[in-house]
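As a plain string of letters, each chain reads:
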Amino acid sequence: MTELAEHVAAIGRPLKRKEDARLLTGKTQWTDNIQLAGALHMAILRSPMGHAKITKLDVSGALKYPGVEAAYGAAELGDLNASVPCVWPVTDDMVAPDFPALAKGEVRHMGDCVALVLAGTAAQAADALEGIVVEYSALPAVINMDDAIKEGSPLVHSDKGTNKCYTYKLQPQGDGAYEAVKAKADIVVKRRFVNQRLIPAFMEPRAVVASPMGTSGELTIWSATQVPHVLRVLLALVTGVSENKLRVVAPDVGGGFGGKLQCYREEILCVALANKLGRPIKWTETRSEDMMATHHGRDQLQDIEIAATKDGKLLGLKVDLIANMGAYLQIITPGIPLLGMFMYPAIYKMDAYDFSCIGVFTNTTPTDAYRGAGRPESTYAIERIMDELANELGMEPMELRKKNWIKHEEFPYTTVAGLTYDSGNYEAATEKAMALFNYDELRKEQVKRRASGDKVQLGIGISTFTEMCGLAPSRTLGALKYVAGGWEHCTIRVLPTGKVELVTGTSPHGQGHETAWSQIASDTLGIPVDDIEVIHGDTRTSPYGMDTYGSRSLAVGGQAILRAGEKVVEKARLIAAHQLECSANDLEFDNGVFRVKGDPSKEKAIQAVAFEAFSAHDLPDGLEPTLQAESTVDPQDFSYPHGTHLCAMEVDTETGKSTIRSYVCVDDIGIQINPLIVEGQVHGGLAQGIAQALYEGAVYDSDGQLLTASFADYLVPSAPDLPSFVTDHTVTPSTTNPLGTKGVGEAGAIASTPAVINAIVDALRPYGVNDVPMPALPMTVWRTLNAARQGGK
Amino acid sequence: MTKVSITVDGVLHESEVEPRTLLVHYLREQVGKVGTVVGCDTSSCGACTILLDGRSAKSCSVLAIQADGSSVTTIEGLAGDEWHPVQAAFKECHGLQCGYCTPGMVLSAVDLLSENPNPSEAEIREGLEGNLCRCTGYHNIVKSVALAAETMKGGKK
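So the sequences go chain by chain: A and B. As numbered in the numbering used here, residues 1056 to 1848 make up the first sequence, in order. As numbered in the numbering used here, residues 4 to 160 make up the second sequence, in order.
Just so you know, the hints here were simulated from the structure itself, not pulled from any lab data. Among the hints, a few may not be true.
Derived DMTMM-like pairs (lysine to aspartate or glutamate); straight-line CA-CA distance at most 20 Å [stated by the list, open to error]: (1) Lys1082/A to Glu129/B; (2) Lys146/B to Asp1645/A; (3) Lys1071/A to Glu95/B; (4) Lys1245/A to Glu1443/A; (5) Lys1458/A to Asp1366/A; (6) Lys1071/A to Glu85/B; (7) Lys94/B to Asp1707/A; (8) Lys1108/A to Glu1190/A; (9) Lys1082/A to Glu32/B; (10) Lys1712/A to Glu32/B; (11) Lys94/B to Asp1585/A; (12) Lys1224/A to Asp1241/A; (13) Lys1712/A to Glu129/B; (14) Lys94/B to Asp1756/A; (15) Lys146/B to Asp1776/A; (16) Lys1462/A to Glu1447/A; (17) Lys1082/A to Glu79/B; (18) Lys1082/A to Asp12/B; (19) Lys1071/A to Glu1061/A; (20) Lys1073/A to Glu79/B; (21) Lys1082/A to Glu95/B; (22) Lys1082/A to Glu85/B; (23) Lys1073/A to Glu95/B; (24) Lys1073/A to Glu129/B.
Across the chosen pairs, the derived CB separations fall in these ranges [unchecked claim]: (25) Glu129/B to Gly1473/A: 41 to 51 Å; (26) Ala1076/A to Glu129/B: 44 to 54 Å; (27) Ser46/B to Lys1071/A: 26 to 36 Å; (28) Asp1148/A to Arg23/B: 29 to 39 Å.
Covered, in the sense of this in silico footprint (three residues per stretch, anywhere, with C-beta under 8 Å from a C-beta of chain B), are these stretches of chain A [said to hold, decoys possible]: (29) 1078-1087; (30) 1302-1311.
Since the structure is predicted, the reported quantities are computational estimates derived from the model, not experimental observations. From the three backbone atoms N, C-alpha and C, an ideal C-beta is built for every residue, glycine too.
The task is simple: from the sequences and hints, build the whole structure.
Below, the structure is given as structure tokens:
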């Protein structure tokens, strides 16, 4: 047998990541690295127009270019032109237009797919796009959401007769009705916030290789996706290729942030064509394609109204959203605002809540999940309006929050939106954050700088947030009309040599699951972390899974790991008891070793048991050989991470430039498996949330031209654009799962945006500024300040 | 087609390339150095950064024929018997998550430290301005480079 190392407790240790060795030496397998003999490369001709009729399309010219084997428009593709699926029909009467992979006669956003070429190399395919003759007749475009829902607006889908996709309402009636509590309010504050459109901008562009050369006639699809399992089901449904003939592999995947949670038209095209032609088909997008054809995020108009008493007690909240669907619906486009719906009341107690959302079509790239998906939008709106209410009441903004938040002794607490938060301690996280931040000192400095008329003003921004993670109990998803479930799967095999294979249904793309999942299994099995191999992202080796998004992988997938590991130990215990000639109840299990109670000299390591289970010479009667177990866990409830984020901002009143002086956050994500990974997740989330506040925004002109269609025009922050962060935590274990974990992938992105904007508004409040549009670029801040100084705002 | 002689990670390659071939495509498709990756099409992201005769360069903005006679070091050739101190520091400080920007980030950091062995935090941030990362928020990348500077001062390089 192999030499076995001793187990030491792994959960809670900041172990260096297993993944790093290959990533730091270039020994990675990105999808674009895959080169198959005989492959054809796909290039796509995309619409340069926001909205137009295709009056002529002749792809035959492309066939004259070197290396070209085929060219297709919608006419040539015929029945293979499958439609992109939407799995979340949020209302029974939702308008769901057809979304063909190649446009049929009309393009509805810049980047819509018009035609494609297959050639021997990527360069040949790209060259041959020049040979396609296409003529467009421009149609009126509608970009602005307010315009799109007006009578007489140009229609994105003329056959539907409306740009409204759906209207969704959550309106408790009777005593809980908002209007009733509003009538009793001393103060009502109403604002419109614009949560601008963002582009996920993961670093690895999307890529697909579809090969019909599988060993049993199967079609293998490698894709830069975060959802190989979901993708397999959907590709089977839309292309008609039998599900058991489809193998989907997510190899090394370079970021996702929700942007790779999709069944994309390019994936559909590669599969359909590989299946038809019997040749591997490969496609890798350019960054410019990515910016216009990968789904976008956010893009909501938020009309929010809050009612309170004069001493600052919240009474009710009314939220009216208009949410931009884009030109078509993708996988969960219509559901994104509903993920936020439950979270507008956030951590606050109130009597009434009224929510409505209108989904609207425009001639823009479809929207869908982007880090936080609905919850950054809700958190932004509530945390912004809390500051506005505090200002109008003349209260300190943290005092207003303290007066209204759920106290730690009040959990479990059912919010006005109907969620039951199991646990939390907002007081502890806030106290720690304020101490780290030197909150009181900064407030004093602010007073001084205001008094002295310093040209650089100091602002303090607060965000006391919570979110719901652990997507999701399958019954809840069903009640919300989401088509799939929310369970997660794990199989654990202890091999004859004592090494472990852990097969997970989660699909990491930067999160470090290979390390963190090893830590959980290590403590459950008593086997060292380095002896555990985590297998993921291939539907042949991990056939069951719901993949990675919504901070669900640990909160849900972790439960399956724990349960599978416990089942392995239960089986091993029976074998050990048999061989040590005692009852199973007489065995203790500690650090991977079974010992007879009262006679510790009689012992057997779990690795030795694994060999016995393999040789099967001396097993208890009726017990099956091999030491393995699987578990599929449906979570009983969501988990609710929370935290307090504080931002100190220096705003130059002459130039409008905002510079973060310090950023402190104390997050409570429950029990941490690997604090090193947790900290990294928080940092990355902060960067994306701060980027929404300060830098990023996808901009269209009135014709539907995306003006930010490259990294030269869309401002993804680089190192000098961001500060170092002060991160810390409190630990209030979740009670909804046995590991006590909550989820951390989205916390930073959800919490930070309002903290940053609140800080800028706070700095400029003495000048009469009560809001700053995002992104708060220097020019925008300067204009806002200038307008306020002139009494315009 | 044009003939080029380029030493890649210590091995001389003589190849025929189309004159329009970018160095990054030459490295990936003709030499098989797929550790070097493409992240954008505007020379903005730096994911394709390599060392060209010892200095960092974005291999998407160099033609293969311009590199004729040069020596290229990619992420795959950076380590000797042991990892380069920058690689080790990135692992130690969790300076990477998905790892897609990492080859370019590491090689830019190597060049930064060769130019300025003792950089301040601000100098590290400025020095990496041409490399985008979407995962880490740069916090741990900055720490990694600072740690690598310390290690290399100790003569461990």
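Here is what the structure says about each hint:
1. Lys1082/A to Glu129/B: With Cα atoms ~28 Å apart, Lys1082/A and Glu129/B exceed 20 Å; violated.
2. Lys146/B to Asp1645/A: This hinted pair is violated, its Cα atoms lying about 38 Å apart.
3. Lys1071/A to Glu95/B: Holds. Lys1071/A to Glu95/B sits at ~7 Å (cutoff 20 Å).
4. Lys1245/A to Glu1443/A: Within the cut-off at roughly 9 Å; holds.
5. Lys1458/A to Asp1366/A: At roughly 9 Å apart (the allowed maximum being 20 Å), Asp1366/A and Lys1458/A satisfy the hint.
6. Lys1071/A to Glu85/B: The given pair, whose Cα atoms are some 17 Å apart, holds under the 20 Å limit.
7. Lys94/B to Asp1707/A: Distance of about 38 Å is beyond 20 Å: violated.
8. Lys1108/A to Glu1190/A: Holds - the C-alpha atoms of Glu1190/A and Lys1108/A are around 8 Å apart, at most 20 Å.
9. Lys1082/A to Glu32/B: holds (15 Å)
10. Lys1712/A to Glu32/B: With a Cα-Cα distance of about 44 Å, the restraint between Lys1712/A and Glu32/B is violated, given a limit of 20 Å.
11. Lys94/B to Asp1585/A: holds (16 Å)
12. Lys1224/A to Asp1241/A: violated (26 Å)
13. Lys1712/A to Glu129/B: holds (18 Å)
14. Lys94/B to Asp1756/A: violated (44 Å)
15. Lys146/B to Asp1776/A: holds (16 Å)
16. Lys1462/A to Glu1447/A: violated (24 Å)
17. Lys1082/A to Glu79/B: holds (7 Å)
18. Lys1082/A to Asp12/B: holds (14 Å)
19. Lys1071/A to Glu1061/A: Given that 20 Å is the threshold and the Cα spacing comes to 18 Å, the pair holds.
20. Lys1073/A to Glu79/B: holds (18 Å)
21. Lys1082/A to Glu95/B: Holds, at roughly 19 Å.
22. Lys1082/A to Glu85/B: Judged against 20 Å, a Cα distance of about 15 Å means the pair holds.
23. Lys1073/A to Glu95/B: holds (12 Å)
24. Lys1073/A to Glu129/B: Not OK: Lys1073/A and Glu129/B at ~30 Å, beyond 20 Å, violated.
25. Glu129/B to Gly1473/A: 41 to 51 Å: Holds, at about 50 Å.
26. Ala1076/A to Glu129/B: 44 to 54 Å: violated (30 Å)
27. Ser46/B to Lys1071/A: 26 to 36 Å: With a Cβ separation near 33 Å, Ser46/B and Lys1071/A satisfy 26 to 36 Å, so the hint holds.
28. Asp1148/A to Arg23/B: 29 to 39 Å: violated (53 Å)
29. 1078-1087: Coverage by chain B holds here, the residue count being 8 at a Cβ distance below 8 Å.
30. 1302-1311: holds (count 4)
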